[in-house]
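Number of protein chains: 2
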Amino acid sequence: MRKIITISREFGSGGRELRKRLADELGFKYYDKEILEKILENDNYDDTYIKNFSEKQLVTNTLHYANSFYIYESIQNPRTEIIAEEHKLLRKLANKENCVIVGRAANSILKEFDPFNIFVYSDMKYKLERCRTKGTEEEAELTNENIEKQINKIDKGRKKYYESVSDLKWGNKLDFDLCINTSKMEIKKMVPSLASYIKEFYKQ
Amino acid sequence: MRKIITISREFGSGGRELRKRLADELGFKYYDKEILEKILENDNYDDTYIKNFSEKQLVTNTLHYANSFYIYESIQNPRTEIIAEEHKLLRKLANKENCVIVGRAANSILKEFDPFNIFVYSDMKYKLERCRTKGTEEEAELTNENIEKQINKIDKGRKKYYESVSDLKWGNKLDFDLCINTSKMEIKKMVPSLASYIKEFYKQ
Numbered sequence: 177m178r179k180i181i182t183i184s185r186e187f188g189s190g191g192r193e194l195r196k197r198l199a200d201e202l203g204f205k206y207y208d209k210e211i212l213e214k215i216l217e218n219d220n221y222d223d224t225y226i227k228n229f230s231e232k233q234l235v236t237n238t239l240h241y242a243n244s245f246y247i248y249e250s251i252q253n254p255r256t257e258i259i260a261e262e263h264k265l266l267r268k269l270a271n272k273e274n275c276v277i278v279g280r281a282a283n284s285i286l287k288e289f290d291p292f293n294i295f296v297y298s299d300m301k302y303k304l305e306r307c308r309t310k311g312t313e314e315e316a317e318l319t320n321e322n323i324e325k326q327i328n329k330i331d332k333g334r335k336k337y338y339e340s341v342s343d344l345k346w347g348n349k350l351d352f353d354l355c356i357n358t359s360k361m362e363i364k365k366m367v368p369s370l371a372s373y374i375k376e377f378y379k380q
Numbered sequence: 177m178r179k180i181i182t183i184s185r186e187f188g189s190g191g192r193e194l195r196k197r198l199a200d201e202l203g204f205k206y207y208d209k210e211i212l213e214k215i216l217e218n219d220n221y222d223d224t225y226i227k228n229f230s231e232k233q234l235v236t237n238t239l240h241y242a243n244s245f246y247i248y249e250s251i252q253n254p255r256t257e258i259i260a261e262e263h264k265l266l267r268k269l270a271n272k273e274n275c276v277i278v279g280r281a282a283n284s285i286l287k288e289f290d291p292f293n294i295f296v297y298s299d300m301k302y303k304l305e306r307c308r309t310k311g312t313e314e315e316a317e318l319t320n321e322n323i324e325k326q327i328n329k330i331d332k333g334r335k336k337y338y339e340s341v342s343d344l345k346w347g348n349k350l351d352f353d354l355c356i357n358t359s360k361m362e363i364k365k366m367v368p369s370l371a372s373y374i375k376e377f378y379k380q
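Residue numbers (the numbering used here), protein chains in the order written: chain A, 177 to 380; chain B, 177 to 380.
The reader is advised that the hints may include incorrect statements.
For identical chains, the list gives no copy identity; a pair is met inside one copy or between any two copies.
As the list claims (entries may be wrong) - Here are the simulated DSBU-like cross-link-like pairs (lysine-lysine), alpha carbons at most 30 Å apart as the crow flies:
(1) LYS287 - LYS364
(2) LYS349 - LYS301
(3) LYS205 - LYS360
(4) LYS360 - LYS301
(5) LYS196 - LYS349
(6) LYS310 - LYS379
(7) LYS287 - LYS301
(8) LYS268 - LYS360
(9) LYS360 - LYS272
(10) LYS268 - LYS349
(11) LYS349 - LYS329
Honestly, the hints are just simulated from the structure, not real lab data.
Could you build all of it, start to finish, from the sequences and the hints given here?
Right, here's the structure in full:
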């Protein structure tokens with residue numbers, strides 16, 4: 177049985193860092209919206225193409241997305257046909273190998289794989305600090321009020337996307353196996369225990 | 177610094193089992209509503225009294241509470257002076273040693289101890305099954321509909337209590353460090369990884 181981990185997350189709570197660290201700890205591949213889009217850019221992508229799409233390359237390609245809400249914001253509303261294509265790709269990837277998938281309502285789209293579903297969240301103080309330290313120089317100059325506004329706007333978009341492609345309510349505990357608050361604990365310190373927890377989950 | 181773990185939980189999700197297993201794994205004491213009440217029954221309880229109140233005795237005393245919602249229900253609405261006394265006792269216990277405390281809005285009452293806060297929940301299917309297998313013979317004869325009604329009634333009472341003694345909203349993710357769904361994973365399998373997670377939390 178394939179082991180699929182999905183991560184839904186509030187913007188600025190460190191879901192992307194958790195994805196990378198958890199995938200590395202478990203030896204899984206990882207994917208998110210931007211990576212999926214990069215793969216989809218190649219109209220005739222096939223298994224070899226996906227396989228050769230190295231993680232290093234992906235990380236470089238998506239570094240800016242990871243750290244900035246300006247670009248993120250501009251890609252919030254993809255067209256229906258892109259969404260359908262993306263979901264097809266998600267299933268293809270999930271069928272192929274163990275992986276961690278961030279966003280894309282993957283807990284709902286991939287429910288036939290019985291994935292382990294995580295929701296990552298934190299308080300606004302943590303999110304502001306994270307955006308300041310991990311964001312671009314431009315963003316570091318924004319007021320807290322402006323950053324908070326952007327964060328809320330992006331999460332509103334995530335909620336909208338999630339609820340339009342699934343019949344679930346964004347952030348509802350019951351649709352996740354674990355909900356993790358990153359406000360008071362470093363993500364890298366969480367990862368070994370979380371990986372053990374997930375291994376036990378799949379041992380059953 | 178004292179290490180305090182608080183567990184809030186939906187009825188039937190296994191919060192009580194998690195409390196016992198987690199406390200055992202970490203070598204902590206554990207307390208819940210019924211244990212606190214037993215201690216408070218002795219008007220002049222002091223440190224020696226609490227210390228001699230053996231866990232074995234407590235488990236025997238509270239076994240029926242653990243497994244039945246009939247008795248639980250009858251003790252949902254204690255008087256204000258009892259609540260005040262209980263909170264005083266909670267602080268006294270938290271000051272004394274590392275412990276796990278279930279219920280009593282302990283995450284709010286003990287916030288000055290900066291506890292590690294857990295919320296335990298599960299889907300109704302799991303709760304019904306748990307009530308059937310862990311409950312009394314009488315309860316096993318109830319219809320699912322009746323059990324569900326009782327469960328919802330008790331959780332309504334918990335919500336009411338929680339929101340009357342704190343300024344928090346019952347079950348709100350942000351007031352917990354981890355929210356754990358017990359529907360798809362045995363509690364005893366969770367405990368070693370959870371204990372590691374909590375140890376890392378306190379190492380920071």
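Against the structure, the hints:
no., hint, verdict
1, LYS287 - LYS364, "both (28 Å within a copy, 25 Å between copies)"
2, LYS349 - LYS301, "both (22 Å within a copy, 16 Å between copies)"
3, LYS205 - LYS360, "both (27 Å within a copy, 24 Å between copies)"
4, LYS360 - LYS301, "within (11 Å within a copy, 33 Å between copies)"
5, LYS196 - LYS349, "both (23 Å within a copy, 23 Å between copies)"
6, LYS310 - LYS379, "between (36 Å within a copy, 24 Å between copies)"
7, LYS287 - LYS301, "between (33 Å within a copy, 18 Å between copies)"
8, LYS268 - LYS360, "between (36 Å within a copy, 25 Å between copies)"
9, LYS360 - LYS272, "between (36 Å within a copy, 24 Å between copies)"
10, LYS268 - LYS349, "within (27 Å within a copy, 33 Å between copies)"
11, LYS349 - LYS329, "both (21 Å within a copy, 20 Å between copies)"
Comparing the model with each earlier hint shows no violations; every hint is respected.
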